[in-house]
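Participant: Chains as they are written, first to last, in the working numbering: chain A, 1 to 254; chain B, 1001 to 1358.
Hints may be right or wrong, so weigh each one.
What the hints assert, rightly or not - Listed next, the stretches of chain A that the computed footprint assigns to chain B, with coverage defined by at least 3 CB atoms under 8 Å from CB atoms of chain B:
{"#": "1", "segment": "19–25"}
{"#": "2", "segment": "32–45"}
{"#": "3", "segment": "71–82"}
{"#": "4", "segment": "86–92"}
Claimed, not checked - Distance windows between CB atoms, simulated:
{"#": "5", "chain 1": "A", "residue 1": "Ala53", "chain 2": "B", "residue 2": "Asp1236", "range": "53 to 61 Å"}
{"#": "6", "chain 1": "B", "residue 1": "Gly1287", "chain 2": "A", "residue 2": "Ala94", "range": "25 to 33 Å"}
{"#": "7", "chain 1": "B", "residue 1": "Ala1050", "chain 2": "A", "residue 2": "Ser69", "range": "56 to 64 Å"}
{"#": "8", "chain 1": "B", "residue 1": "Met1047", "chain 2": "A", "residue 2": "Asp101", "range": "51 to 59 Å"}
{"#": "9", "chain 1": "B", "residue 1": "Ala1235", "chain 2": "A", "residue 2": "Ser63", "range": "31 to 39 Å"}
{"#": "10", "chain 1": "A", "residue 1": "Asp235", "chain 2": "B", "residue 2": "Ser1271", "range": "34 to 42 Å"}
{"#": "11", "chain 1": "B", "residue 1": "Arg1013", "chain 2": "A", "residue 2": "Ser69", "range": "31 to 39 Å"}
As the list claims (entries may be wrong) - Residues of chain A clear of chain B, computed beta-carbon distances all greater than 12 Å:
{"#": "12", "residue": "Ser9"}
{"#": "13", "residue": "Asp54"}
{"#": "14", "residue": "Gln64"}
{"#": "15", "residue": "Asp120"}
{"#": "16", "residue": "Pro161"}
{"#": "17", "residue": "Ala209"}
{"#": "18", "residue": "Arg231"}
{"#": "19", "residue": "Asn233"}
{"#": "20", "residue": "Gln247"}
The set of hints was computed from the structure by calculation and includes no laboratory data. Note that the structure is predicted; figures quoted are calculated from it, not measured. Built from N, CA and C at the ideal position, the CB exists for glycine as well.
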Amino acid sequence: MMNDADTMSIEDYLAGGGKLSSPDNVPPRYRAELLRLMSSFVDSELAGSAGFADAINWAPGISQRIAASRIVLEKAASAEKVLDLMEDFGTDKALYNRAHDWATRQPRDAKVDPRRQGGDMRLSVFHAPLISWTDACVMNLLMGLATGIQLRELAQVSYIPLADVIRDIIPVEARHKELGRVGLVEICATEEGRSEAAASVDYWFPRVADSFGAVGSGRFERLARMGLRHRSNKDQLEEWTQAAQAQLAALKIR
Amino acid sequence: MSRFTPLEVTDVRRETRDAVVLTLKPDPADAEAFAFTQGQYLTFRRMFGAEELRRSYSICSGVDDGCLKVGIKRVEGGAFSTWANEEVKVGDHIDAMPPMGRFFTPIDPATAKTYLGFAAGSGITPVISIIKTILAREPQSTFTLVYANRQMHSIMFREELEDLKNIYLGRLSVIHILKSEGQEIDLFTGRIDDHKLDALFDLWIDAESVDAAFICGPEALMLTIADNLRKHGIADEQIKFELFASSQPGRAVKPAVSRETSVTGNSCAVSVTLDGATRSFTMPKDGNSILDAAVANDMDAPYSCKAGVCSTCRARVLEGEVEMAVNHALEDYEVRAGYVLSCQCVPVSDKVVLSYDE
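Next up, chain B with everything else stripped away, as it sits in the complex:
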């Protein structure tokens, strides 16, 4: 099971007004666990007051850079990103899980491939890791990056991309699209939409030669780009997507509320929410699981192994008290947040409210 390891902050570089790049170093003993593949991300945890927050940020160094760096852009109201941008200093330690994620294609030094990347804002972080690695490890491959930002000064890694263009002459092209800042060429100004993408394929990018495309940005933009790529004959299996790991609202981490823990009866009033619909039933406290009771009440509750191993039946207890017989799949923090494996879960209190939708 995943576990957290402290990483030492060895450098803090301000990348733009609201983005920092942190260089992190694991203990020598953990170095192997933190070896990464281009395009992967790290999940961090930190206590903010009484609340533990977990956030994932993409690694922005290349596999051969010899260091582990993540780029963190401050989001309005984001506790973790604000902390990383304003308070983290060299010598601090941050808890992180080993690298995860599958936003990459296998590297083959003998191959000569044509790659295309689309990044918006901080969506550049995994893409620049991929670019650096491909340029270093596939000497005959080329990469074209279409990179959307609001304006010039908000572009992350602008200088680093220029340097890469100079080091790997002729193998990296970067097309900057700026939303609210005019450029010499109209095509490069404004929002990326279907029309602009058509024009890019007409004038700048040969769709037929593209072997693989990487897209990282907000959802709607990724759909627009993917639809356009398909229109230009690029197949689904050639397109790799990565949502900003942190673009989705973080889960509130609150312990299960035990408003009613009185244990008096031999039966329990259970209320289960699934796909937005809530059903209530009474079950005996006879050692049967809440999952079995829900299924017996004709609910299509998710489950697979029924042995506390696979985590398919994960649900959250919103009220009441339950006991889990076996748990091989949930981490401590999930349990603290009220998550249970419903196949292993028997009611203790006389009322239990449980949801599969949270």
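For reference, chain A alone in the conformation it holds in the complex:
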């Protein structure tokens, strides 16, 4: 083979922007961090799907009912796509779904530490409960904007099979965000609706902001060297803050 002059450690290869496509080639630490990224996504999607199920019955009309059902369905489907990739690493897919209660939520006023809580890896924002249709639409818009930014980051990941799957999921999640926005346009047509939405925004805004993780996290450097992260939490949070404020201004909520 042409290995003589071309030999390079897999760490240097990744640090140089190299990509991997097979579970057999990934070093142990990379494997661990990659699985952690994937399970955080899967758990967040499963918890997001489970948490939205109630919104189906809050929906004010048939089209909103269909939209909410679609979100519940498609988030579970997106979770499965990434779970299929985890299966290549040994994850028992059949048992994974049963490992946690995805519908469980903390009390509405609980202070949830942004670091992981309990057994599953969902983002902290998915520990907070939805309370009404308006609340669900606000959460969907704000978290949908965040998910868009977080998935564009994940789509650059050095494990190509994951990057490919995430690229397929991005438009699906964008549609969910859009369903939230359309719902809010209807809600904000009345003064009463707008003030209810504003209260929900006050509740969700800081919680969604927390989902970008700690600013200046030391883990970022390590993951960046493996090609698993590219943009800092701070940059992503700033992009989201601007996008969210623009949307809320357009809805005359803030």
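Based on the hints, put chain B in the right spot on chain A.
Facilitator: Relative to chain A, chain B alone:
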């Protein structure tokens, strides 16, 4: 969970002086499990003395070839590849896992795409599977292969590629780059580097028309090629990489050493290595897992489901004895090699040395 199935060797063809192509046949009952997508690979296992070795080799047949073939190049000192090249004969059986891997793009018969492939040495094996499948299933697509080898006689599938060019007239171009053998055109001699790639794009390949690019070879070469492709406007999502599955050193498969299995105390001295740093602490034998103890000692140990399902927390026990409550994610051979799910793992001996870096 993956399981191994014996495949019968129905043909052994010497491809070059140090590479063979094996044709393999599953039992009719297993045929469905061994249906494959172009560009996938098979993982084999075999005992060498007391040691079980696992090696992955790419499938080199096309999806429509009606057979399962793998190309195996002998690597210096490689037990499995030497065995495959020197001892395997027709009628033997080899244990293999069903095809795996995602080094491919979806096939669409209605599409007319322009594909570009780069292969070095035995990196051709998955690429030729992709080429054959695309030529057969996408009648309007074309493929340009840039294929690097040391010299003419070390080129795998040279004749087969010529035949494909003749069968699919005008749809396959092959550019051979030979490292240590002069050709009529200087551009085609020497090592593939940024300069040579620039020249190829200037003279032979229209980068703008490329829909997807496949690269399979050693790490440094893949980086050089990928950087150059990006420079020529080919986006990351258009580039598919495959490292030689066997280019990385195989893991030594040795059972965990139980130098100290004496069980006397109610506590255990644990030493955990993570990211090259080792930390030692004492934990009570109270049913708590080593993972929980490591996290309680401020180590950023990897874990996810904590239910023995996901395998994120996999670690290797280097010394001492532990017990795993639940294991849904590790295979028997991994357990024999000392791997554990640290979330399910309680110490039995008074000393345990465990590493997340192996």
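Participant: Check each numbered hint against the structure and report the violated ones by number, ascending.
Facilitator: Failing hints, ascending: 3, 5, 8, 11, 12, 15, 16.
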